[in-house]
Amino acid sequence: MRKFYTLLSREVRSYFYSPIAYIVLVFFLLVSGVDFYFQISFMNQRPVPYSVQEAFFNSVFFWFAFVLIFPLITMRLFAEEFKLGTIEPLMTAPVRDWQVVLSKFFGGLVFYIILWVPTAFYFAIFQYIAGRPAAGSIGAYWGSYLMLLLVGMFYLSVGCFASVLTKNQIIAAIISFCAITLLFFLGLVQFILLDVSSATRDLLGYFSALEHMGTFSRGVIDTRPIVLYLSMTVVMLTLTHQAFQSRKWRL
Amino acid sequence: MIRVENLTKRYAGQAAIRDLNFEVGKGEIMGFLGPNGAGKTTTMRILAGFMPATSGRASIAGFDIFEQSLQARTRLGYMPENVPLYGDMRVTEYLDYRAALKGVPHRRIAERVGDVKELCGVKDVEKKIIGALSKGYRQRVGLADALLHEPDLLILDEPTIGLDPNQIRQVRELIKNLGRQHTILLSTHILPEVEMTCSRVTIIHKGRIEACDTPENLLGKLRQAGGVVLEAKVGKDNGAEELKKISAVRDVTTDVDGEWNVFSLRVESGADVREEVFRLATARHWTVRELTQRRATLEDVFVEITHADEV
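If you're matching them up, the sequences are chains P and R in order. Every number in the working numbering is 5 more than the matching position in the first sequence, counting from 1. Every number in the working numbering is 12 more than the matching position in the second sequence, counting from 1.
Hints should not be assumed to be uniformly reliable.
To be verified - Here are some chain P residues the structure puts well away from chain R; computed CB gaps all over 10 angstroms:
| no. | residue |
| --- | --- |
| 1 | 34 |
| 2 | 54 |
| 3 | 60 |
| 4 | 92 |
| 5 | 94 |
| 6 | 99 |
| 7 | 103 |
| 8 | 134 |
| 9 | 144 |
| 10 | 175 |
| 11 | 189 |
| 12 | 220 |
Unchecked claim - Below 16 angstroms or equal to it, Euclidean Cα-Cα: the simulated EDC-like pairs (lysine to aspartate or glutamate) are:
| no. | chain 1 | residue 1 | chain 2 | residue 2 |
| --- | --- | --- | --- | --- |
| 13 | P | 8 | R | 108 |
| 14 | R | 129 | R | 108 |
| 15 | R | 256 | R | 287 |
| 16 | P | 88 | R | 93 |
| 17 | R | 147 | R | 108 |
| 18 | R | 257 | R | 225 |
| 19 | P | 253 | R | 79 |
| 20 | R | 257 | R | 287 |
| 21 | R | 140 | R | 100 |
| 22 | R | 135 | R | 108 |
| 23 | P | 88 | R | 100 |
| 24 | R | 129 | R | 93 |
No lab work stands behind these hints, which were simulated from the structure alone. Each residue gets a CB set at the ideal place from its N, CA and C atoms; glycine is no exception.
So that you can see chain P by itself, here it is in the shape it has in the complex (with noise of 0.2 angstroms):
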């Protein structure tokens, strides 16, 4: 356990090491706060039947910015230490592949979540402006931070899988952001099947991130797309793992 604490404490680090975090952080408050923007000022325009933290997790810009940044956070992962050849001083140090794996995992996704602690502050600045709460619950809050978290975990997986199959890390970062967008949009496909039958409707719509973040952030906690998403992610973590030992195989 402290080896991996170890190692994660490094993955952690050397995200402020290199000007990718702080690039990423910048491009994110960038689009987070101009959809916050957005969203505010267009509900001063008309009255609309859902609050300020639903619009602001429910719009295109969140979603952009959303989809863009796994790849940011994940191609570095594996692809670096490949190039770099610092993967031979890492496996030849007495650690296990399972602690190499679960520890870049989870530093990404400790950066992820570093990514979304001031969207917090917004809620809050706006509630201390406005004089009222920016949802409409407490629960609205915790159902969509849930589901940042799940769908983050389950996207970040698929990035770290990404990432130890090249040494390339634009190559890993092209890998993931297509399959990203691709799990991403699987979910959309379901508004254009109009006239289809509803079963495939409602299939695509179990793997809707947008309809998972629609339920979420009106507070309902829903167990199916929790489900969906743990298993997916463990899913990834094993073939990222079985990736990276393959990896000793072909050398």
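Based on the hints, put chain R in the right spot on chain P.
Chain R only, in chain P's frame:
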């Protein structure tokens, strides 16, 4: 300390090393010698637990490197070729991280990191970012890393490559001193290094062990075929023909250096023909500026062994 049995590694069907068998005893400094692509790095990577062998077994301090990889890895310090390091960390920070990773107890980390920094001479750059260090310092940080957990065995892949002569000397001294407490397996293609530091030498060529002995014994084998070099002005004489008349001389090759002739004499084993050469030279009134017994070096052993099949 190291026991290697029938170790074979194939890359895409091509054997990088074939049926290696050797042992390194406790306290030995074993030099791994061979041309580029001979299989040195492959062997060391397998021993360090970085990749598995195709067949055969190897153990470190009694632990099978594949079955008990973690225990074996705990007992060795490995410095890979070209010393890959995290360029974005500071020296002390990196060593602290590596010490924790290698299971050095928490309260001993500061002490161990301090010790290896002292030992490897990286104290004066301890606060620098590794990416900004010179090659020589990076090499020493790599060596410090390998020593952190006081391993029984050190595996050093080309520890002096890319260093300037002063640094090479320092690293060599360091290795020699380390040899008092650690077993060391090092690879190199710098031959004097092996002669100076190693207690045993394994010459590996095309994935096979061609020779394994002490440097003295390897040289002894060659010394039999040693020779004499004579530089002289011989006037109108045919120097080579005259020299061949000396009974122990087997063969003479001639080079010309201005008006001087440089004769290299191959003589029969054990014979010292310098006296006879001198007499011949005085008798024929040759002007001599050099007459030396040529010492065989490991380089000769190396060249002879690694070229044997090409001739």
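Cross-check of the supplied hints:
1. The non-interface label for residue 34 (chain P) is consistent with chain R: the shortest C-beta to C-beta separation is roughly 23 angstroms, beyond 10 angstroms.
2. Look at residue 54 (chain P): its CB is around 49 angstroms from the nearest CB on chain R, clear of 10 angstroms, so calling it non-interface holds up.
3. No beta-carbon of chain R comes within 10 angstroms of the beta-carbon of residue 60 (chain P); the shortest separation is about 39 angstroms.
4. With a closest Cβ-Cβ approach of about 8 angstroms to chain R, residue 92 (chain P) is found to fall inside the 10 angstroms limit, against its non-interface label.
5. With a least CB separation of 6 angstroms from chain R, residue 94 (chain P) falls inside the 10 angstroms interface cut-off, contrary to its annotation.
6. Its beta-carbon lying about 4 angstroms from the closest one in chain R, residue 99 (chain P) breaks the requirement of being farther than 10 angstroms from that chain.
7. Listed as outside the interface, residue 103 (chain P) is consistent with that label: its C-beta sits roughly 12 angstroms from the nearest C-beta of chain R, beyond the 10 angstroms cut-off.
8. Chain R leaves residue 134 (chain P) outside its interface by the beta-carbon criterion, the shortest separation being 40 angstroms against a cut-off of 10 angstroms.
9. Listed as outside the interface, residue 144 (chain P) is consistent with that label: its C-beta sits roughly 41 angstroms from the nearest C-beta of chain R, beyond the 10 angstroms cut-off.
10. The claim that residue 175 (chain P) lies off the interface holds: its Cβ sits roughly 19 angstroms from the closest Cβ of chain R, which is beyond the 10 angstroms cut-off.
11. Listed as a non-interface residue, residue 189 (chain P) keeps its Cβ farther than 10 angstroms from every Cβ of chain R; the least gap is roughly 32 angstroms.
12. Its beta-carbon lying about 41 angstroms from the closest one in chain R, residue 220 (chain P) satisfies the requirement of being farther than 10 angstroms from that chain.
13. Under the criterion of a C-alpha separation no larger than 16 angstroms, the hint pairing residue 8 (chain P) with residue 108 (chain R) is consistent with the structure, at around 12 angstroms.
14. For the given pair, residue 129 (chain R) sits about 11 angstroms from residue 108 (chain R) by alpha-carbon distance, which is consistent with the 16 angstroms threshold.
15. Proximity of residue 256 (chain R) to residue 287 (chain R) is assessed by CA-CA distance (about 14 angstroms); at most 16 angstroms being required, the pair is judged to hold.
16. With a CA separation close to 14 angstroms, the supplied pair residue 88 (chain P) and residue 93 (chain R) stays within the 16 angstroms bound.
17. Under the criterion of a C-alpha separation no larger than 16 angstroms, the hint pairing residue 147 (chain R) with residue 108 (chain R) is inconsistent with the structure, at around 21 angstroms.
18. About 36 angstroms separates the Cα atoms of residue 257 (chain R) and residue 225 (chain R), which puts this hinted pair outside 16 angstroms; it is violated.
19. Restraint check: the Cα-Cα separation between residue 253 (chain P) and residue 79 (chain R) comes to about 15 angstroms, which is no more than 16 angstroms; the hinted pair holds.
20. Of the pairs offered as hints, the one joining residue 257 (chain R) and residue 287 (chain R) holds, with about 14 angstroms between alpha carbons and a cut-off of 16 angstroms not exceeded.
21. Of the pairs offered as hints, the one joining residue 140 (chain R) and residue 100 (chain R) holds, with about 10 angstroms between alpha carbons and a cut-off of 16 angstroms not exceeded.
22. A C-alpha spacing of about 14 angstroms is found between residue 135 (chain R) and residue 108 (chain R), which places the hinted pair at or below 16 angstroms, so the restraint holds.
23. Distance restraint check for residue 88 (chain P) and residue 100 (chain R): the Cα-Cα separation of roughly 14 angstroms lies within the 16 angstroms cut-off, and the hinted pair is therefore satisfied.
24. For the given pair, residue 129 (chain R) sits about 20 angstroms from residue 93 (chain R) by alpha-carbon distance, which is inconsistent with the 16 angstroms threshold.
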